[in-house]
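Student: Construct all of the structure, not just a fragment, from the sequences and the given hints.
So that you can map any letter, position 44 of the sequence shown is 49 in this note's numbering, and since no number is skipped, the others follow by simple counting.
Please keep in mind that the hints were generated in silico from the structure rather than gathered at the bench. All the given hints hold, so there is nothing to weed out.
Restraint ranges, calculated between C-beta atoms of paired labels, are given here:
1. 150 x 120: 32 to 40 Å
2. 85 x 111: 26 to 34 Å
3. 156 x 47: 16 to 24 Å
Backbone N, C-alpha and C fix where the C-beta goes; we use that ideal spot for every residue, glycine too.
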Amino acid sequence: MTRRTSIAVVGCLVLAGCTSTGSHSQPPSRSSGKAPAQPSDPVAAETTLNCSDQIVTDRPADNLHTVKGVVALPVASTAGTLRTNPVRPQSQAELFAKQGLVVRAGRTFDLVVPPEERNRLAMGWGSSGHKTWRLHVSCPHTTTAGWLAFPGGYYVPRRACVSLIVRTASTQERVRIGVGVAC
Numbered sequence: 006m007t008r009r010t011s012i013a014v015v016g017c018l019v020l021a022g023c024t025s026t027g028s029h030s031q032p033p034s035r036s037s038g039k040a041p042a043q044p045s046d047p048v049a050a051e052t053t054l055n056c057s058d059q060i061v062t063d064r065p066a067d068n069l070h071t072v073k074g075v076v077a078l079p080v081a082s083t084a085g086t087l088r089t090n091p092v093r094p095q096s097q098a099e100l101f102a103k104q105g106l107v108v109r110a111g112r113t114f115d116l117v118v119p120p121e122e123r124n125r126l127a128m129g130w131g132s133s134g135h136k137t138w139r140l141h142v143s144c145p146h147t148t149t150a151g152w153l154a155f156p157g158g159y160y161v162p163r164r165a166c167v168s169l170i171v172r173t174a175s176t177q178e179r180v181r182i183g184v185g186v187a188c
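Tutor: Rendered as structure tokens:
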């Protein structure tokens, strides 16, 4: 064997050793092609809506139902189903239904995710968009007597018909909202 041939054979053996699929190699990937699910952002037990994030509006849209005279929500009986999109691209681990919150100016109330729904629903409105299970709304010093709108919406791990409680100082009402599916 010539010196050149010997060098070529040794080079091939070294290259083959570097690309070997011996027993110490990684097992083949079983990826479905989707990005891994990201851990969900934490959910606050309670958040107060920042009134400075408001957008003045004349009145609630026709597909919203006024609950207790304080808030207009997309309840299942009037709004149908809210459209959902993944919170993070390439992941279906968490969905978001964009739906503004329309509140009566000068009123105080809470939106509450019932305990039995907390594994299926969180909400967030205002420019911070922080997720919460209880949103305290009180904008008493507003310059308008009409309705105020806030950007935000509903977070769900999968499409669901969920419950939300509207609680005022003297009463409360439970409503159903179709997030991605009909109720």
